[in-house]
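Numbering (UniProt numbering), first residue to last: 1 to 976.
Hints may be right or wrong, so weigh each one.
Listed below are the simulated BS3-like cross-link pairs for lysine-lysine, each with C-alpha atoms no more than 30 Å apart in a straight line [as the list claims (entries may be wrong)]: (1) Lys-896 <-> Lys-744; (2) Lys-93 <-> Lys-888; (3) Lys-954 <-> Lys-84.
FYI, nobody ran anything at the bench for these hints, they're computed from the structure.
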Amino acid sequence: MSNEETGPSEPPVQLREASVEVMDQDEPIVIEDSPRASVQPESAPEPEATNVDEHMTDVTSIREAVADIFNGLGLDINHENYDKVCKQFDTVKQQCVMEGPQEAWLACCVYTTIWSSTPLHIKPHSMPLSVTDLMGYCGLSVMEFFDKLEKWLSMMNAPARLVDYVERVQGNFSVAIVVFDKYLPIFREIFVPNQVAVIVDPTTNQASEMGTYDVFEYIWLGFVAFKKQLTKGSEDLLSCFHLLLVIIDIVVGDMLDQKLTSFIKDDFLRQIEARDSSLLDHFCKKYDGVTLDAKHFRAHWFLAQCKAFVERGEIRMNTSTFAEFLDNIFVNHEFLSRIHLEAVMERFEIDERIFTQRLAPAMLYDESVDIGLAVGIRPQPDGTLAKNAELLAHKCAENVLNKVNAARCLRTPLSGRAYIANSDLHVPEDRVDVEENRIAQLNALVEVSDDHIYDSFHEMMKKIPSDISNSLADRVNKLNDTLRTRIVAENQATPDYDASFSKDIDRRSLDVNSLLHRFLQRITLMESNKLGNANAVAEQLASIFQRSEFITSLWVCALEIVLFTYNSAREFPWSTQLVGIPCITFFKIIEPVIRCDADLSRDMLKHLSRVEERVLEEMAWSSDSPLWKTLSPENPFPAYEEVSLHERGGEPATTRPIPLNAPTAQNASLVNRYCLTPVPNRANAKRRLDYGTSTAEDVEYGEPSSKKIGKVRNSSLYVFARKAYYLAALHLNDLCDRVRMDEKGRRRAWTLFEHILCSETRLMHGRHIDQNIMCCLYIVSKASALSINFHEILYHYRHQPQASSRVYRNVLIEPVAGTPSIVSGADDSVSRDSIASTHSIPAVSVATGMRSASTMPAPGMTSAPPTPEPMNFEYADLIQYYNRVFIKGVSDYVRKLVASDEQKIQLLPIPTVRFNTQSPRRTITSNLCVTPLGNLPTTPGRPMVYKMNRSPSKDLHRINNVVRTAVQQPLFRVVQ
Numbered sequence: 001m002s003n004e005e006t007g008p009s010e011p012p013v014q015l016r017e018a019s020v021e022v023m024d025q026d027e028p029i030v031i032e033d034s035p036r037a038s039v040q041p042e043s044a045p046e047p048e049a050t051n052v053d054e055h056m057t058d059v060t061s062i063r064e065a066v067a068d069i070f071n072g073l074g075l076d077i078n079h080e081n082y083d084k085v086c087k088q089f090d091t092v093k094q095q096c097v098m099e100g101p102q103e104a105w106l107a108c109c110v111y112t113t114i115w116s117s118t119p120l121h122i123k124p125h126s127m128p129l130s131v132t133d134l135m136g137y138c139g140l141s142v143m144e145f146f147d148k149l150e151k152w153l154s155m156m157n158a159p160a161r162l163v164d165y166v167e168r169v170q171g172n173f174s175v176a177i178v179v180f181d182k183y184l185p186i187f188r189e190i191f192v193p194n195q196v197a198v199i200v201d202p203t204t205n206q207a208s209e210m211g212t213y214d215v216f217e218y219i220w221l222g223f224v225a226f227k228k229q230l231t232k233g234s235e236d237l238l239s240c241f242h243l244l245l246v247i248i249d250i251v252v253g254d255m256l257d258q259k260l261t262s263f264i265k266d267d268f269l270r271q272i273e274a275r276d277s278s279l280l281d282h283f284c285k286k287y288d289g290v291t292l293d294a295k296h297f298r299a300h301w302f303l304a305q306c307k308a309f310v311e312r313g314e315i316r317m318n319t320s321t322f323a324e325f326l327d328n329i330f331v332n333h334e335f336l337s338r339i340h341l342e343a344v345m346e347r348f349e350i351d352e353r354i355f356t357q358r359l360a361p362a363m364l365y366d367e368s369v370d371i372g373l374a375v376g377i378r379p380q381p382d383g384t385l386a387k388n389a390e391l392l393a394h395k396c397a398e399n400v401l402n403k404v405n406a407a408r409c410l411r412t413p414l415s416g417r418a419y420i421a422n423s424d425l426h427v428p429e430d431r432v433d434v435e436e437n438r439i440a441q442l443n444a445l446v447e448v449s450d451d452h453i454y455d456s457f458h459e460m461m462k463k464i465p466s467d468i469s470n471s472l473a474d475r476v477n478k479l480n481d482t483l484r485t486r487i488v489a490e491n492q493a494t495p496d497y498d499a500s501f502s503k504d505i506d507r508r509s510l511d512v513n514s515l516l517h518r519f520l521q522r523i524t525l526m527e528s529n530k531l532g533n534a535n536a537v538a539e540q541l542a543s544i545f546q547r548s549e550f551i552t553s554l555w556v557c558a559l560e561i562v563l564f565t566y567n568s569a570r571e572f573p574w575s576t577q578l579v580g581i582p583c584i585t586f587f588k589i590i591e592p593v594i595r596c597d598a599d600l601s602r603d604m605l606k607h608l609s610r611v612e613e614r615v616l617e618e619m620a621w622s623s624d625s626p627l628w629k630t631l632s633p634e635n636p637f638p639a640y641e642e643v644s645l646h647e648r649g650g651e652p653a654t655t656r657p658i659p660l661n662a663p664t665a666q667n668a669s670l671v672n673r674y675c676l677t678p679v680p681n682r683a684n685a686k687r688r689l690d691y692g693t694s695t696a697e698d699v700e701y702g703e704p705s706s707k708k709i710g711k712v713r714n715s716s717l718y719v720f721a722r723k724a725y726y727l728a729a730l731h732l733n734d735l736c737d738r739v740r741m742d743e744k745g746r747r748r749a750w751t752l753f754e755h756i757l758c759s760e761t762r763l764m765h766g767r768h769i770d771q772n773i774m775c776c777l778y779i780v781s782k783a784s785a786l787s788i789n790f791h792e793i794l795y796h797y798r799h800q801p802q803a804s805s806r807v808y809r810n811v812l813i814e815p816v817a818g819t820p821s822i823v824s825g826a827d828d829s830v831s832r833d834s835i836a837s838t839h840s841i842p843a844v845s846v847a848t849g850m851r852s853a854s855t856m857p858a859p860g861m862t863s864a865p866p867t868p869e870p871m872n873f874e875y876a877d878l879i880q881y882y883n884r885v886f887i888k889g890v891s892d893y894v895r896k897l898v899a900s901d902e903q904k905i906q907l908l909p910i911p912t913v914r915f916n917t918q919s920p921r922r923t924i925t926s927n928l929c930v931t932p933l934g935n936l937p938t939t940p941g942r943p944m945v946y947k948m949n950r951s952p953s954k955d956l957h958r959i960n961n962v963v964r965t966a967v968q969q970p971l972f973r974v975v976q
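Could you build the full structure based on these sequences and the hints that come with them?
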């Protein structure tokens with residue numbers, strides 16, 4: 001919707017955490033979100049006490065206005081949502097200037113607050129809200145409401161799910177407007193105005209009068225009621241239009257059968273009598289429908305829906321002859337109105353019956369009537385309904401196109417959305433552009449050389465013994481030879497397989513080698529800058545370079561980027577299988593690579609993040625993973641409290657999870673990551689990713705919180721556990737947000753999941769982390785008497801970036817030969833640090849051991865490739881796994897989890913998902929890069945300061961005036 005339709009008004013100015021500096025000649029303006037700013041503006045603000053009084057007066061007026069709305073809509077003013085609405089509105093009002101009537105913004109606040117506070121699984125809602133009544137009470141048209149709501153979502157910094165939901169509501173109503181715009185002229189062309197007939201109820205033999213307007217209302221009611229049953233297709237304009245044609249077809253057919261031809265115009269009656277096909281065929285040809293699609297829709301969806309309603313005794317019609325729908329108009333009218341109203345109230349949507357309820361019978365055939373104004377779509381009579389339909393349909397089309405463009409790009413993993421640049425900055429138009437851009441970005445990496453880094457690296461390598469350097473070069477050459485040999489062999493077997501990568505394997509191998517040297521140089525320089533002592537760095541790096549896992553992992557990382565760039569069909573974990581390195585060993589190199597090279601493209605970062613997530617959520621738990629040789633009854637999987645990072649300094653210790661690839665500590669050097677001895681305390685082990693084969697030497701931790709945590713049993717395991725916990729918290733939090741589970745339910749689900757990792761680790765053996773997360777969510781909802789079914793959880797899971805249909809279609813039940821178990825504590829000649837051990841895994845052919853095609857993800861969902869599975873394992877769907885395996889392992893614990901206060905288990909807090917805002921420098925294009933914003937420099941001029949909750953509103957108006965007039969002046973912006 002455009003501002004032209006709602007009157008000229010400027011969008012509200014939003015002030016958030018970012019600082020904005022505008023250089024206007026000699027007078028800088030600084031807007032700060034800090035009460036400590038001490039520099040005064042040109043005219044001193046009013047006394048602080050007066051400002052406090054004004055704020056208290058505003059709060060009182062807000063509460064009174066909200067109370068009026070609640071009372072007018074029949075909502076309980078004593079409900080907790082009343083205080084939430086008042087608090088939300090007061091918070092936004094202090095941050096933004098709201099132009100226009102306050103009632104409009106209050107309506108938006110009431111809508112968003114009640115939606116956010118209403119769990120989807122609780123039906124009926126504790127506070128049902130009629131959006132249509134809300135708009136009517138606040139004097140808003142539909143377009144005004146959506147226009148204000150869109151701005152309100154931006155001002156309140158609404159979560160993405162709420163924004164998407166509002167877009168779907170707007171899209172659904174846009175479809176209804178377009179269909180009604182089609183329906184009105186069709187009805188006028190077919191039916192005679194002001195006709196009346198007597199309809200006899202076939203069941204009760206009661207006679208009632210039916211007029212033309214009743215038919216008009218009945219057809220539209222049938223359309224909107226059945227449209228609400230299209231839960232996943234109500235935004236499909238073509239399906240909705242076919243639904244309208246199908247209902248008109250039934251009604252006209254009933255009129256012909258009942259000899260009610262007086263309702264049909266003579267011209268149209270002659271047309272249908274002269275037809276050589278069915279009524280539906282005639283309607284589709286005449287009104288631009290798709291005949292085959294309309295027939296398919298009627299046969300496979302509409303008729304099945306009608307049969308379900310008839311079998312339950314909810315509507316009356318003859319499903320065998322597809323007739324008698326109009327004969328039962330008054331009986332069916334009541335049911336259709338009820339199911340439509342229930343769906344509207346449940347989904348917080350606009351009641352689409354307003355098109356008939358607000359249109360008087362006298363207006364039905366009056367073409368001079370402004371329908372858009374009459375039904376409350378547009379606030380002022382300056383256009384036609386078609387114009388309104390065009391505006392809303394255009395808005396809906398824009399949203400759809402944005403989603404299509406976003407789908408063309410690589411989806412950002414949940415863990416990467418904090419530090420990867422916004423994909424809206426550059427969205428290639430087609431697949432060719434995407435591939436060309438990726439290849440150009442790769443060429444820029446391998447062709448551009450930094451002389452300073454190159455010289456520093458060679459100076460460092462001179463201090464490392466020559467035999468180590470030679471062995472390093474030999475290892476790289478062997479890896480390159482292995483790649484070429486495998487590709488040549490596969491090309492001979494299948495010449496056309498993966499031609500984009502295989503056709504010039506020598507060039508691809510050269511790219512991998514160049515990337516490897518680039519990463520190695522930058523990692524070396526990064527360590528040298530951190531430690532300072534070049535001799536010490538050289539000595540410690542020499543010991544790391546001797547580890548074949550380090551250089552192999554770095555080579556695999558370079559290979560993954562090249563494979564991704566050329567859109568290779570050889571997807572992860574093909575690269576690790578090629579060189580026989582465990583995925584859990586490889587994943588430890590990903591973060592150092594990302595941190596050392598700020599020029600990696602956004603899509604490359606997404607790909608590496610997704611690879612790391614796949615290891616954490618699935619590959620590390622495979623049946624042949626070295627993880628199971630590390631775990632034992634004496635060395636179980638650590639609890640989150642044992643591995644979590646805590647705030648240091650004088651602040652209280654609180655859990656602080658960190659993004660998977662985000663930088664964490666200034667002194668987290670490569671030596672700390674790959675050192676071969678345990679680290680004395682957890683703070684120094686933040687990113688302890690060692691490649692050693694050291695024994696499990698116990699070292700006492702420090703005391704990061706009020707209680708003693710324990711001992712370091714395996715630093716690699718602790719790093720893996722920390723990342724796995726963080727990823728699980730991301731997935732669980734996101735899924736709970738989608739189903740709107742309350743805080744207590746979230747904590748129960750997290751407590752159960754952590755219990756599985758620590759005490760029932762066998763449930764993770766050969767399975768995906770999301771499989772157990774969804775089972776935890778379902779069993780907690782059942783134990784807590786919440787009506788969340790498994791299909792609802794699966795539906796929301798499919799919309800997560802990492803979603804894959806094989807995750808819930810193919811779940812390990814049990815091995816045919818016996819159940820896997822954690823190795824015992826006896827010494828089996830395997831290193832305690834098995835995650836970092838050097839044993840190899842035989843490479844697996846891409847043609848063997850894969851899942852069948854039926855287990856691949858559904859179309860339209862971003863998915864990972866299938867994972868090789870042992871053929872002697874039994875697999876089934878997730879529900880069978882839940883019933884046969886999962887519930888047996890956790891039922892006793894769940895009973896204690898929801899038991900009485902004397903027996904219940906203390907709930908663990910779910911880790912807070914926080915993002916690192918100080919992301920490293922990222923190059924978006926050749927002319928645009930993003931860097932962290934440091935402290936703003938002080939300026940000698942007199943700044944104008946606005947203090948939140950303290951300064952009067954006139955100070956903010958003065959600042960806005962200067963900003964508006966600064967357009968003609970040289971402008972410098974600092975955006976954070």
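Checklist entry - Taking only the CA atoms, is the gap from Lys-896 to Lys-744 under or equal to 30 Å? => result Cα-Cα ~15 Å, so holds.
Next on the checklist: Just to be careful, I want the Cα atoms of Lys-954 and Lys-84 compared with a cutoff of 30 Å; is the pair within it?
Outcome noted: holds, 28 Å
Next on the checklist: Given the hinted pair Lys-93 and Lys-888, is their Cα-Cα distance within 30 Å?
Outcome noted: violated, 52 Å
Of the hints listed earlier, the one the structure fails to meet is number 2.
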